[in-house]
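Residue numbers (the working numbering), protein chains in the order written: chain A, 39 to 358; chain U, 39 to 358; chain H, 121 to 378; chain S, 121 to 378.
Hints should not be assumed to be uniformly reliable.
Partner residues are not named here, just some residues of chain A that face chain S (Cβ under 7 angstroms, in silico) [said to hold, decoys possible]:
id: 1; residue: 88
id: 2; residue: 140
id: 3; residue: 200
id: 4; residue: 204
id: 5; residue: 239
id: 6; residue: 315
id: 7; residue: 346
id: 8; residue: 354
id: 9; residue: 356
Here are the computed lysine-lysine pairs in the BS3-like style, where the Cα-Cα straight-line distance is at most 25 angstroms [claimed, not checked]:
id: 10; chain 1: U; residue 1: 130; chain 2: H; residue 2: 248
id: 11; chain 1: A; residue 1: 208; chain 2: U; residue 2: 130
id: 12; chain 1: S; residue 1: 299; chain 2: A; residue 2: 130
id: 13; chain 1: S; residue 1: 184; chain 2: S; residue 2: 143
id: 14; chain 1: H; residue 1: 246; chain 2: U; residue 2: 198
id: 15; chain 1: S; residue 1: 358; chain 2: S; residue 2: 143
FYI, nobody ran anything at the bench for these hints, they're computed from the structure.
Source: prediction; values computed, not measured.
We put the beta carbon where it would ideally sit given N, CA and C, even for glycine.
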Amino acid sequence: MTISRREYDFQAARHRLEGKAKSAGEKLTTIDDAVARVKNGDHVTFGGCLFSRTPLALVRALLRRRPTGLSISRNLMCYEGEWCMVAGAVDKIVTSWMGIGLPWGLSKIHREYVESGRVPMEEWSHLALGLRFRAAAMGVPFLPSLTMMGSSLVDVGGSKIIDCPYTGEKLLAVPALFPDVALLHVHRADRFGNCQIDGYPHMDADIARAAATVLVTAEEIVSEEEIRLHPDRTVIPGFAVDALVHVPYGSYPHECYGLYDADPDHFSEYVDGINRHGAAGVQAYLDRYVYGPPTHVEYLSLFGETALADAGRRGRELVS
Amino acid sequence: MTISRREYDFQAARHRLEGKAKSAGEKLTTIDDAVARVKNGDHVTFGGCLFSRTPLALVRALLRRRPTGLSISRNLMCYEGEWCMVAGAVDKIVTSWMGIGLPWGLSKIHREYVESGRVPMEEWSHLALGLRFRAAAMGVPFLPSLTMMGSSLVDVGGSKIIDCPYTGEKLLAVPALFPDVALLHVHRADRFGNCQIDGYPHMDADIARAAATVLVTAEEIVSEEEIRLHPDRTVIPGFAVDALVHVPYGSYPHECYGLYDADPDHFSEYVDGINRHGAAGVQAYLDRYVYGPPTHVEYLSLFGETALADAGRRGRELVS
Amino acid sequence: MSGHAHGVTPNELLAVMGSRELKDNTTVFAGVGAPMLASGLAQRMHAPLLTMVIEGGIVGPKWKPGSLPISTNEMRAAYRAQMLPGITDAFLLAQRGFLDVGFIGGAQIDRYGNLNTSAIGGSYDKPKVRLPGTGGANDIISLCREVIILTVHEKRRFSDTVDFITSPGWLSGRDARRKSGLLFGGVGRVVTTMGVFGFDPESRQMRLEALHTGVSVDDVKTNTGFDVHVSDTLTTTKPPTDEELEILRMLDPARQFL
Amino acid sequence: MSGHAHGVTPNELLAVMGSRELKDNTTVFAGVGAPMLASGLAQRMHAPLLTMVIEGGIVGPKWKPGSLPISTNEMRAAYRAQMLPGITDAFLLAQRGFLDVGFIGGAQIDRYGNLNTSAIGGSYDKPKVRLPGTGGANDIISLCREVIILTVHEKRRFSDTVDFITSPGWLSGRDARRKSGLLFGGVGRVVTTMGVFGFDPESRQMRLEALHTGVSVDDVKTNTGFDVHVSDTLTTTKPPTDEELEILRMLDPARQFL
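Let the sequences and hints guide you as you build the complete structure.
Okay, here's the thing in structure tokens:
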């Protein structure tokens, strides 16, 4: 498993960006229109981290289009990666870690697909993957680092060691990762796509600059005035955003800092399905939660108002 | 003029940091105790930019100690650089631009000292200097960039061109700059040194990570609780700060975003002194504003309450 | 020059001609003075969806007419901004390819659009005149998709050679810029108080493409320190309209920059 | 093992012994479970000025007793944090040298403290068991000034060789780590449910330096997949005190991690 040139080709990535309109105008659209920008074979990066601010509404809308041949990357891949595997959407997964968390043990789906060689997992250290996005965000083909040196991980993706031109020391040249598409979920944005995130930023700001196409869902659409009154809260500029969709609870049952807590009981329900039926359990879950609900409102109704309100209460408590 | 090894020696810089206590404890002290940490011959970096959030109280306290042999760096150097020249404190100035601004024309002091060869100016592009601080903040000896390539600036500091290990393209390896000391002025901090900045961050966060010793003045000292209620506003962690001083109007007559506007009339008064008396005009200014006032309160009284109140009103208006 | 004949100041002329170079749905890296006024004018004339990025680390400000900034890093420059990413990250947006156009000027400019804002005469270490330095000019000309030079037209500025290349245009011409490692961008236009220059796509030498009303090719030659190549399709620019001038004077009523 | 004899669970033993390795006025890169409890305990026992940095991009949280995080990137992990720099920048603090100690564990560990959390058996591309992967473990062991491994002591974990070096300890020993380009840090201690190991300063091989009460050297040898070197100055650790256990159980009353 080695990186492909298109992942780190900074000239091609720059030319794609130069060829695009960088508009200060309207970005609001429907979620189906947004994900229609993803082509089979694209490299798609998901924002957030593990079960925090995962762009689940966008992932669901994307999977409803039954895409194939995707490469997907995320610093810590949660079960949305399992969805993509079982849905037959992915040829390669780029991450530093895959699972849900301690209480749920090893991911049986991750094991099944990778151990059988059906979907290769390209493994990078957490920082190295972060630096891959940052190098791309900076428009350079690599960034030097001391991480991963000496480990077996250096060879996994095919990264290279260089000699520092000043000190002569060895450094890992972490190759850039320019995704074709970024899927992100943020707290608020104005209709022009200027995005603000509360709490931990994860890697979203770098991913938005790294990707050729940026699709964003926001918990709240606020006025241009509100953004301009707090410009130091903005982390993604409107001209970098291709499509924006207003999706409250857009990462639920994953958490959104300060707005709602994650729903671990739902994770357990999901894992129970796998423990009982393996991949078929995921398929049943996809049918019920991903392919089934025609709208986001109907998706949320599967959880019920009480659960949503409770997650909201817990989420607000944890930051007050 | 070329960079010295200690500026980019990431191993030495890391060992200095490893040797320091990284305390979550008290950082509050007096401004004289803070600047006593600066040794003759040190490389000192000033935060802020031009006449925005310049750590003027710290610069004044430093100059009162009559330091010698300093190297000073700042991305856009305002007249504090002229003070250091006339005070005989500096052997080298590292910046991308030096002056006050359009209305005041070329800096006669800058011209006099550099044209005569008394104080060399090491010139970097604005981004390149920013990347020098960022490389140091990241703990690496250089960062790759496309800027400055092909220009005469490449040779000025002695920076090197490398070949990308992935694409084969030429890239400028911008060398890290690890200052001995950073002088910074921020909006608020708790007594443990956790610092928050409003508005544009300039390069302060990178400079704080790059330097071996970090001295900070803050407009306001807030409770630990206030910092912990808005952790996503913190840009410098307490364990990176060596000394913290409470100095309201700590960058006046330069601006502090949202709190007070700059005082261009004072700049004109300063420049008039130079136009009439050359370096002696700066000497007279230093006597009156830097060496003269025994306390910050007495310094501020030279401007008068009306001027301070008016700068505050303008500053608040400009962000509301 | 006509500009003046019609009571148009040099900076008004530069701001108007500069604004006409800007397209809608693009981004522009703009400094203080004429570039800033050109951008603000374009937004009000034909490019409402143009976003300004300012060196101080400022994205999408809505400057207050009559309260224009005198530097690129102060509250007036950030007035009603959409984002304040910081200086380094603002330039990195340009390095990534997010900046379509950049405006810069310079004390010395040669036929290839190379600019000097560092040192004139003597040696670089002991120059006859030490200028302020590059600031972000080198970054803007190195990293934006296209750079437009805005400058008053004086013989001492339009010099046969520059003593120091602070901001690289096409260097020694042809493919020299690319060969130097500058893989992107380049100088597209030089807008002066006498006319508008482009560059020969082969030699990358400056070429006069348009004259402002009332200016002759001889006027230009007399005021240029190198041989002036003239385009076969030389045109004359449309003089600043009343609407354009009114907007500029509304933006800068005190005529701080006009 | 004694721990259990005294009603002390394996994680309580690891948390207590881990906490005693932490000094005041330092920083620690801590993950969920025992490392997190060890750090919280140290802050309440002898290191009140210890700052925790969490992989999720979190600096200085004050976790709510009874509401401990199950991941390093969720609101419980960020509870009352002092700073939220983001994941990449949190690791860069470690690369710069701001992190004194890091805690990690692993499914496989060899005599040099190399850890495998990636793949066991078969080939890396088609392994017998695909583990979750490194996450930040590789970064922590590569970039912190010193790493302390916390792990239950099982023969299958303490293996003669690791199938894949996810997190490099001393590699093949002696100066192999430095030669590989890892200029800083290294594994200082391996704290297990049976005792505490250090490393021979020359060979960099693991060396038993202390046993927990009631554990014998033979117990350790029987449960270790490689030859156990024993320090000439082998000691016995002080058992967890009631105060230490009370604090741990106050932090995690539901015994989610104890």
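Do the hints match the structure? See the list:
| no. | hint | verdict |
| --- | --- | --- |
| 1 | 88 | holds, 5 angstroms |
| 2 | 140 | holds, 6 angstroms |
| 3 | 200 | violated, 10 angstroms |
| 4 | 204 | violated, 14 angstroms |
| 5 | 239 | holds, 4 angstroms |
| 6 | 315 | violated, 20 angstroms |
| 7 | 346 | violated, 16 angstroms |
| 8 | 354 | violated, 10 angstroms |
| 9 | 356 | holds, 4 angstroms |
| 10 | U/130 x H/248 | holds, 19 angstroms |
| 11 | A/208 x U/130 | violated, 31 angstroms |
| 12 | S/299 x A/130 | violated, 33 angstroms |
| 13 | S/184 x S/143 | holds, 22 angstroms |
| 14 | H/246 x U/198 | holds, 24 angstroms |
| 15 | S/358 x S/143 | holds, 17 angstroms |
Hint compliance for this structure: hints 3, 4, 6, 7, 8, 11, 12 are not met, and every other hint is.
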